[in-house]
Amino acid sequence: MRSNPSAAGQPTDSARAAAHSPVTPAAITQPHPREFVLLGCWTALGIDSLDRQLDALPVSRPEQIVVDGARVEALDTVGVWVLQRFLQRVHSAGGTVRLTGWRAEHTKLLDLLAQRAAPSAPVALRPQPALERLGRAAVAALEQVFALLNFVGESALALAGSVAHPTRVRWRTILHDIQGAGFNALPIVGLLSFLLGIVVAYQGAEQLRRYGANIFVADLVGWSMLREFAPLITAIIVAGRSGSAYAAQIGTMTVTEEIDAMRTLGIAPLDVLVLPKIFALLIALPLLTVYADVLGVFGGMIMARAQLGVGYGEFLDRLVNAIQPSTYWLGVVKAPVFAAIIAVVGCFQGFLTHGGADSVGRQTTRAVVQAIFLVIVADALFSILFSILDF
Amino acid sequence: MQADAQNGQRNGAPVIQIRNLSTRFGAHVVHSDLNLEVHRAEIFALVGGSGSGKSTLLREMILLHRPDAGTIRILGAELAALNEDAVRELRRRWGVMFQHGGLFGSLNVRENVGLPLREHTQLGDALIDEIAAWKLELTGLAPETGIQYPAELSGGMLKRASLARALALDPELLFLDEPTAGLDPASAAGVDKLVKKLRDLFGLTIVMITHDLDLLWQVADRVAVLGAGTVQGIGSMDELAQMDQPLIRQFFDGPRGRAAHAQQQEQTQERSWKQK
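Chains as they are written, first to last, in our numbering: chain H, 1 to 391; chain Y, 1 to 276.
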């Protein structure tokens, strides 16, 4: 057995050397031009930078050299590899090698490497030229767009199918998902929209006071919260909470072959996993949006009284007069669209997972980023649409 | 094989020494007063029904789980008394092959094998890649496998790659968790040979959990049967076959146990015929 590899710790690393008895570093000496004497531990920890030193040793004329291993304290595969690389250099220069003084167990290791059929160089990764990388990335992006459209189509078909056969809808799963994505999100959605209402009122207060238009704070808060902020902040929170959860769940199920198992059992993953999630968000997100509306306006109301001296009664009177119901409806109408985006993107990215844990993380990130991106794009499109329709 | 094990005994202190070990999960007793010794350069197998505490024992030996009572000494170090540096040093002296490979999905196979060398030594990157490629070759994998990712490998290749990683730092002690589970018979036979070859080449002490009767008959020097929280019997397979504790008999008397035993005896006879 190799002697004492327990005495670990690199001599160059003083912090570690302090903790252990140091390994005698491997060394090579040349007492005679044709004789090499090896010393110390020829092990992974003892070699350090000896391989570079060995590569620099000149072997020029064809001659017989003697390699004496009697004073090698320990030898492992790393040491053998480094030594063999040197010996091969001698061989290819036309020289021959005689090994003397080696212990039996060390000879066994040396033979092992010498017996190797062909010393093949490690296979290297082929670096891709920049243009090829660009092309591949573009094609991959395009493919993903088509795959997403494909998935949207499949989901729509499944949705149509479940409308045609309502008995096949899995209500229990839907209720469970509503609880997860909707009910459990109430605290965080409520808190954030409340704070948002406070911020909007606070920012507007200074300007309004300057014009003596304090009461218009109700217009400001009502208009901005109901129409834009409440739907958007709710969608973003749900994308972060539930979109990511959907992608991670389906992704992990793909990795552990649960999805394949479902398919072989004749259960469509789309019916069991995707549709309930879409239904659940279609129901939960509009409700969450209304809840966010209420708390956002409430936050603004508190700030209006504190900063502008507008009482609750005044504020609510003004709110009812100034904000038409259509403003409220325009905000709530957006929510189902956002819901569909979040659920579909989350599930789609989950299904794209392949390989291991790494891939699950990557697809989850993509699900959230793409969902938020698409939600904001959809919001912008709504703004354009509403201004054309003159709402 | 026998001679080797006896040699080991003569070589002095056992590599692993477990004394009065007890483990509990809540009210469930896994080990009670378990004693075990593993000698140098032997291939030692742990067997037992599911829930007999094999995996827990392995996890306790590799410092992933702390026993409730008792002592475990490995390579001369008392596990419970180690400080952080000593733990790191000890971990460098053993290699572990996990049942499902435990390869890192974000690294390719060659990087996985080279990782311990990169972490614990100061060798150059090119040298580490060469050595990792050699380790893969030693475990019977093609060089092209090195640049594949674990997700692209078959079960047998995963086990081999995992073994190559366990061997990266030339450990003195190797733990194998179900080295042949889920492999086809040809690959499993390959693993049998590989385990033996590693012991003969590097003088490794190998501790494995296995249910593979072929592996037990062909490769293991000594086998410990765990059951009811303690070691029911310990010895070579031939010795165990003579014992008559019910938990050991269970193991030998099933149709599979008989078949493997019969096959073993046939081979022994053939060998003795050839010698004549």
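Read the hints as simulated data drawn from the structure, not as lab findings. Treat the hints with care, since some could be wrong.
Claimed, not checked - Here are a few chain Y residues that sit away from chain H, every Cβ distance over 10 Å (derived from the structure):
#  : residue
1  : N20
2  : V29
3  : I62
4  : R73
5  : A151
6  : D170
7  : K193
8  : L201
9  : G203
10 : Q218
11 : A228
12 : G229
13 : Q242
14 : Q265
Claimed, not checked - Using 25 Å as the maximum straight-line C-alpha spacing, the simulated SDA-like pairs for lysine to any residue come out as follows:
#  : chain 1 : residue 1 : chain 2 : residue 2
15 : H       : K108      : Y       : D200
16 : Y       : K193      : Y       : D244
17 : Y       : K197      : H       : Q115
18 : Y       : K197      : H       : I376
19 : H       : K108      : Y       : G233
20 : Y       : K196      : Y       : D244
21 : H       : K108      : Y       : A142
22 : H       : K108      : Y       : D192
23 : H       : K108      : Y       : F252
24 : Y       : K193      : Y       : L82
25 : Y       : K193      : Y       : A77
26 : Y       : K196      : Y       : A27
Computed from a prediction, not measured in an experiment: that's the story for all the values here. Every residue gets a Cβ at the ideal spot worked out from N, C-alpha and C, and that includes glycine.
Status of each hint after checking the structure:
1. N20: Non-interface label stands for Y/N20: nearest chain H Cβ at 26 Å, farther than 10 Å.
2. V29: Y/V29 is indeed farther than 10 Å from all Cβ atoms of chain H, at 31 Å.
3. I62: holds, 17 Å
4. R73: holds, 14 Å
5. A151: violated, 4 Å
6. D170: With a cut-off of 10 Å, Y/D170 comes too close to chain H, as the shortest Cβ separation is near 4 Å.
7. K193: holds, 15 Å
8. L201: Incorrect as stated: the minimum Cβ-Cβ distance to chain H is 6 Å, not above 10 Å.
9. G203: violated, 4 Å
10. Q218: holds, 22 Å
11. A228: holds, 33 Å
12. G229: holds, 32 Å
13. Q242: holds, 32 Å
14. Q265: holds, 32 Å
15. H/K108 to Y/D200: Holds. H/K108 to Y/D200 sits at ~10 Å (cutoff 25 Å).
16. Y/K193 to Y/D244: violated, 30 Å
17. Y/K197 to H/Q115: Cα-Cα ~14 Å, so holds.
18. Y/K197 to H/I376: Answer violated: Y/K197 to H/I376 is near 62 Å, above 25 Å.
19. H/K108 to Y/G233: Violated, at roughly 35 Å.
20. Y/K196 to Y/D244: Answer violated: Y/K196 to Y/D244 is near 29 Å, above 25 Å.
21. H/K108 to Y/A142: holds, 23 Å
22. H/K108 to Y/D192: Holds - the C-alpha atoms of Y/D192 and H/K108 are around 21 Å apart, at most 25 Å.
23. H/K108 to Y/F252: Violated, because 38 Å separates the two Cα atoms, which is more than 25 Å.
24. Y/K193 to Y/L82: violated, 35 Å
25. Y/K193 to Y/A77: Since the Cα atoms of Y/K193 and Y/A77 sit roughly 31 Å apart, the hinted pair is violated (cutoff 25 Å).
26. Y/K196 to Y/A27: violated, 40 Å
The structure does not agree with the numbered hints 5, 6, 8, 9, 16, 18, 19, 20, 23, 24, 25, 26 stated previously, though it agrees with the rest.
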